[in-house]
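A.B. asks: Each chain, written out:
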Amino acid sequence: MHTLPQQLANGLFLGSMYGLIAIGYTMVYGIVQLINFAHGEIFMTGAFGALTVWNCLPDGMNIWAALPLMLIGGAIVSVLIAVGAERFAYRPLRGAPRLAPLITAIGLSLALQQAIFVWYPGADNAKDFPQLGTHPYHLGSIAIQRNDIFLVAAAVVCMVGLAAFVRTSRTGRAMQATAQDPDTAQLMGIDTNRIIVIAFAIGGLFAAVAGVAFGLKYGQITYNMGFQAGLKAFTAAVLGGIGNIYGAMLGGLVLGIAEACATAYIANIPGMHQLGGQGWANVWAFVLLIVVLLVRPQGLLGERVADRA
Amino acid sequence: MTDIPLTEPLQPTPLGTTHPDAARSDSFVTLPPGVARIATLVGVAGTIVSTFMSWTYTSAFPGDLTVNGYPGGLQVLTLIGAILTGLVALGAFGVKGLTWLVPNRSPNAVLLLAAGTFATTWYAVIAIAQELGGLANLNPGGFVAAVASLVLLVGTLGLPIDRQPLDPSGAEYYELGRLSENGPARGTYRWLRQARLNHGELPVPDPARAPAWVQYLTIVVVAAAGVKVLTYGLATGYTELFIGYLILVVFTLWAFIAAGLTRQFSKITADHRPFAALMGVVAAVAYPFVQNNEHWANLGVNILIFGTVALGLNIVVGLTGLLDLGYVAFLGVGAYAAALVSGSQYSIWSGVEFPFWAAALTGMAASLVFGVLIGAPTLRLRGDYLAIVTLGFGEIFRIAVNNLDGVSGPKVTNGPNGISQIPDLSVFGYNLGDPHQFGSITLGRFANYYLLMLVITVIVVLVFTRASDSRIGRSWIAIREDETAATAMGINGFRVKLIAFALGASLAGLAGTVSAHVTYSVVPNPYQFSGAAPPNSAFLLAAVVLGGMGTVSGPVLGAALLYIVPEKLGFLQRYELFAFGVTLILIMRFRPEGIIPNRRRKLEFHQDEALLPAQQALGDGTAALGKAGA
Amino acid sequence: MTTTTSTTTEPARTPDGTPLLEASGVIMRFGGLTAVRDVSLTVNSGEIVGLIGPNGAGKTTFFNCLTGLYIPTEGSVTYKGTVLPPKPHLVTKAGVARTFQNIRLFANMTVLENVLVGRHTRTREGLISALIRGPGYHRAEARSRERAMELLEFTGLAAKADHLARNLPYGEQRKLEIARALASEPGLLLLDEPTAGMNPQETRATEELVFAIRDQGIAVLVIEHDMRFIFNLCDRVAVLVQGEKLVEGTSEVVQNDERVVAAYLGEPFEPEAAPATAGSGPAAEPAPEAAEESAEESAEEAAAEPAGEPAEEGAAEPAAETVAEPEEGRDPEPAAESHPEPTPADPDPEAGPGTQEQENDR
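Protein chains in written order, with this note's numbering: chain A, 282 to 590; chain B, 102 to 731; chain C, 1447 to 1808.
The set of hints was computed from the structure by calculation and includes no laboratory data.
Among chain A residues calculated to face chain B with C-beta under 10 Å, some are:
id, residue
1, Leu315
2, Ala377
3, Leu383
4, Ala396
5, Val399
6, Phe508
7, Phe515
8, Thr516
9, Val519
10, Leu556
11, Asn563
12, Val564
13, Ala566
Here are the in silico distance ranges between beta carbons for each label pair:
id, chain 1, residue 1, chain 2, residue 2, range
14, A, Pro339, B, Asn626, 40 to 48 Å
15, A, Gly376, B, Val666, 29 to 37 Å
16, A, Arg372, C, Pro1615, 28 to 36 Å
17, B, Gly632, A, Asn336, 28 to 36 Å
18, C, Gly1527, A, Arg372, 50 to 58 Å
19, B, Leu474, C, Pro1615, 42 to 50 Å
20, A, Val438, B, Glu232, 52 to 60 Å
21, B, Phe539, A, Gly365, 55 to 63 Å
22, A, Ile550, B, Glu454, 29 to 37 Å
23, B, Glu454, A, Leu420, 57 to 65 Å
24, B, Val248, A, Gly365, 39 to 47 Å
25, A, Arg379, B, Asn518, 37 to 45 Å
26, B, Phe244, A, Asp340, 52 to 60 Å
All residues carry an ideal CB built from backbone N, CA and C; glycine is no exception.
Work out the full structure, taking the sequences as your base and the hints as a guide.
C.D. replies: What follows is the structure, encoded as structure tokens:
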């Protein structure tokens, strides 16, 4: 199991999930320069939304048939929360000092997390999530879980869809314009409020997909899973160049692969045998972030933003 | 000069403008003026009388409200509220000898106090009825109290009220216009806007005209009253009393603001800053002697540690505008460093036992090193990156100390078990672990640590005030306000930010060294981003934001609130963090400047006179420049 | 500045003609867009030099290159013979201070504190001395305050020293920006549209202020849209169009240069479409505002046409300014942003009204 191709594949799966969440961060940041700290919780509520749908469906229903419904349920929850957060928490703060929306985001993140903890039945403990099946497929020496196939497929579909949307649709172009310069975009007749809402909605949608994928992958979801995942995803967004949607996905993949490889191989480095393993994976992820920020502050695909006078 | 909020809600009204009677508009309830006043006074009298009656049959409700002729428990709060309301009402009506209670002569203070009395009384009555199962459990005294306080409230609602003048910048009109899209909301919003009470923007007499001894006495009395009110609150034995206390304190403070008293008081403290600071310290030192109880001393130490760390964070966040989301890790670094050199047998260097000063320096130095390691790569970048890197650092710290247990990593921190059995400190041969006798008062272990921590708090306050009112502090604030402009003024942004970041980190490390000894053991658990109890990074940030960014007293007050309220409201436990998150959102939405926003209260008195001393001081230089400029 | 207290200033008025600031061959590219092409400019000591040009001509970008905010793609900038380091704070330290087109004060600091921040490079007290507060610290702080108050006196803001900068009226905010820049004891002051949004009285006051600054031996380089202001004030004027320096010379030379007129009014030159006079005064004046308007329009057209990469350039040229000044659109710049005065009039701005104006004004 510890072969390099296997680790790369593991990293790819993990990274796809980070990338999906990171898209939400990067789109919102690209347009309103806001770190939506609550995005990790939006991801988490998406997973709980999907679980709720599953619990409402009749017992013994085929998971493959239920999956689309779960995705829709999760997406509705996540998108509603994301859009609601924008409308009622962030929008009134536009033009406020830079720290104000950040602190609001932290508050929102805590409130969402605790709301699930307190009011979702049984959420004090980890909740079991339905599984796609336990028998892995084998591709040469690589074992691939079914849920990982779902994850990669979802990531590819989402990315292609998003790229097409941003490139070709009117709204997508308006989005790019707003990201470039909100004021001018507004003068050009673009309803920037609508664009911002759409950015939040897309972020929520992708987070919900990632939430379902997380549940399938790990078999359990918890009320506080959003914090770590959000932190990683934001790291991925910064790694890839914040504001760039392709960068977010690339950053996610790089981060996922780096984490998988660090878990497996760091311990083999002489003198560091105690610093490998799952426990240290997050540490290496952040070390990677700091190194990237030192070497290439704008991220892998980011463009250097000229200092504004 | 140290109290610098990020935002200032309103342009200050200069002292000396005419009393804006024009803004005093209709009361909420239409009553003939005489009737309103009489109702107010009758309500006060009735409420006072009611507190001497028995409110309930049984002593099952805590505080024993069954006694006739003597108030107890919540009745005392009602009594205090009613007396204050009566005095302030008489002052507002112009009764000689009491007008100083309402320097701006605004009836708003009366309304707020009446509302506080009403809320406390009705809370008590409802709590009795609910806990004992029905209104039948109320004695006539309870009904009298309820009715009398209602009469009081209605009476004050009939008084004319000073409204908040509309924002001169027109921002409110803009908001009204924006709301027009959805009709009913607009009506409500307009009503709320117009109903807003004027909070202390009305002109008040300059207290500097009062004799000096009056001003000094005021400071002493306020400091003493502060200790008394605080210790009373801490000593409240049951939740109902604490809630009643909280209601009354909030409304009373609000009323004092509305009356202009706080404005006068901040002017006095600004004029006599050293004396005020001294009295503040004296009051803080008095606390363990007045509240001579180890439990409350322990609470005091924790509040001081928490507040001191919040103050350090305030340098980073409030002054320099850098968002540090992993700040508690620096506290942790300090605590672990101190634990390692404390001589604890669980430390890997169990033989090493540093004296306190050396341990404190070690803790500071360790935090400083980490601060520089984190700051140096990230402070060159845009501010948002710092937020994520510090958040990441906080996580790394927690993971690392959990894993450095000799099994999943090198053995340094004993993992989740932490380093325990940290010996007590000994300062100048005075062992803080042992009780010490001062006259008739015995100071226990926590009281000793409280006093030690107080010294450190004073040091941090000094560092904060001195640094903020200096060349380096000004450059921090300039960076916060506009980094590009600051660098164009010759400020090396990176260097200055790194100094702030490192200073903040080392102050947290200093507090950490004490906290390691106070708690006997250091474990990874408290040092995380968010958790149910302070200190954690989210609570620290909230203490700063809630109290008032850039101020000295703000973060300390915020820390105290965030410590005491959860401690006292135990029943909230499950909802505590949820309430905390929602509170953060609401504060940012409605009062982003925090509880103590007023950096410039002092200036409001000076808007017109400011040039006088300046002109005198600068006579010569001015002439020279005038010539050169001509 | 010539004051009794200041220590590090140079003597009043170094002899004219010594080059103070020399920019040679400055090129600034943003990706495919060249915002400043090969501009050379010299400012001599004791001189007031104007920099004019249509919107998007690259004036502010050029300023940013001079002050280290941007690192020029090519070319060099020297001050008193030494190459300026590409860091804004080091440029200020070397003796070049600036103001901003869109006022950038420290809004929540008092007026006095704003100026004290300007003193940063001329004082040395660090954190340690601030904490210890020895006699040296008190002395330095007192001197800084004294100096700052002098500057406030000089700019007429002393009475408002304790006000928050955000509460100042617009015109005084501009003055405060100048006072703050002067606090760094510069040898050269760069002013970016110091009169934008001011009424005529305020503009005249600013004019006096700039003269007074020059009289203290500080050279001034000023960007302005108000032609009257520029031609009154400047010893020399350079015209920047599409990132290139078109002309440089005395006010008269510049006003009479056909290329400048063409650049401002558009090519081909059509008398009917030419800009307006404000018909109020006795002399027919080509109102600078009007010139500005058409300049803006024609600049947009012109930018699209002649340059190398037609489409991209046209779109990108205004964007150059946008990159530099994201908040430009919010500035109250009546001249640049609105087009309210359609009065048709004087077809021939070459009639040299500038000189008349100068006579009228002085």
